[in-house]
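Start from the sequences and build out the full structure, keeping to the hints where you can.
Each residue of the sequence shown is one higher than the one before, counting from 0 in numbering that gives the first Met the number 0.
In case anyone wonders, no lab produced these hints; they're calculated from the structure. Given the structure is predicted, the values throughout are model-derived calculations rather than measurements. Please note: incorrect hints may appear among the correct ones.
What the hints assert, rightly or not - Each computed BS3-like pair below joins lysine-lysine, with the alpha-carbon atoms no more than 30 Å apart: (1) Lys12 - Lys238; (2) Lys238 - Lys278; (3) Lys278 - Lys294; (4) Lys238 - Lys36; (5) Lys36 - Lys12.
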Amino acid sequence: MDLYARVNILDGKSVRLPRGNIEGAIPLDNDPIARAKNWIAQGVDYLHVVDLDAAAHRDYRNRPLIDSLMSAASVPVQVAGGVRSPAEVVRLLDAGAWRVVMGTAAIEDQLMVYDLCRDHPDTIVVALDVRPNEEIATRGWRQNSGRFLEEVLLDMSSAGAAAFLIAEAGRDALLEPPNLSILEDALAIIDEPVIAAGGVRNLDDLRSVMGVETDGRRVAGMVVGREVTHGRFTIEQAKAAIAEGPPELPAQPEPEDEPTPIEREIIDRYSRIADECEKAVAHARTAAQRHSEGKDRRAAAHGLAIHGRLAAASELLETIAKQYSEDQAG
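Structural data, given as structure tokens:
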């Protein structure tokens, strides 16, 4: 797992945001470039730089400073905050950004993100702020999008997003434990790297995130910041914990009776039914969103996809029912 160090920039200064609240920003350093170099000296793998003025106020006064920071950095830098247009993506990439992070824009202008992923492969990262019910929050946690984690992950994965930053809207990383189930769900839905962006309280939380595993996949990265500056642990200690590897999962008890080949086949079919139904739900939510945007033709396409998914699930159910009937007759 890689370590990303967060550098929040507001009015030319490094700050931290309790519960993501920009109005309550606490100044940390008058020199964000020096702060970035300090993170690099401590051994982080990447820098995650957030332009809070651009994100909150559409004020791009920090961009020249961020350009200088990228020139001075000896590790790859991904830039977030206020990236709302193809022109700004191109400008940041030309200025030296390794990757560009899009949050609200990925929810509100998906076609633009599709085009950007096509034109600039492996450079567009999608950041998702997830509420406990897995609805995606936008505009600095101030709005609910009406869209949910699964459908957005599926949409942006099909668009070609390079990776996903997953954070929990409203959580204070210094006081509350991370929601591991959100990370588990993300790993189960998409194949792209999942990066935990919400922070952790301590090394035990870091190890818990490392231990999240779904179908052999694990969290690819962790964004750190306040937990280090508050002395909860050091980058050196975090790197040592990562080098030790994820904690071993508890041994699962062996089943008393192995399922027969026919039972295995039925279990597999039920799993496939669940997959088809989940995809139908995602298409239904997207169809509703397209209708609300007046994009009826796109909504209709998702409607056809719903019908196909449900038809496949129905066919699998009929196959299972036929199998049960044959077993009873036998």
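The hints, checked one at a time:
no.	hint	verdict
1	Lys12 - Lys238	holds, 27 Å
2	Lys238 - Lys278	violated, 38 Å
3	Lys278 - Lys294	holds, 20 Å
4	Lys238 - Lys36	holds, 18 Å
5	Lys36 - Lys12	holds, 15 Å
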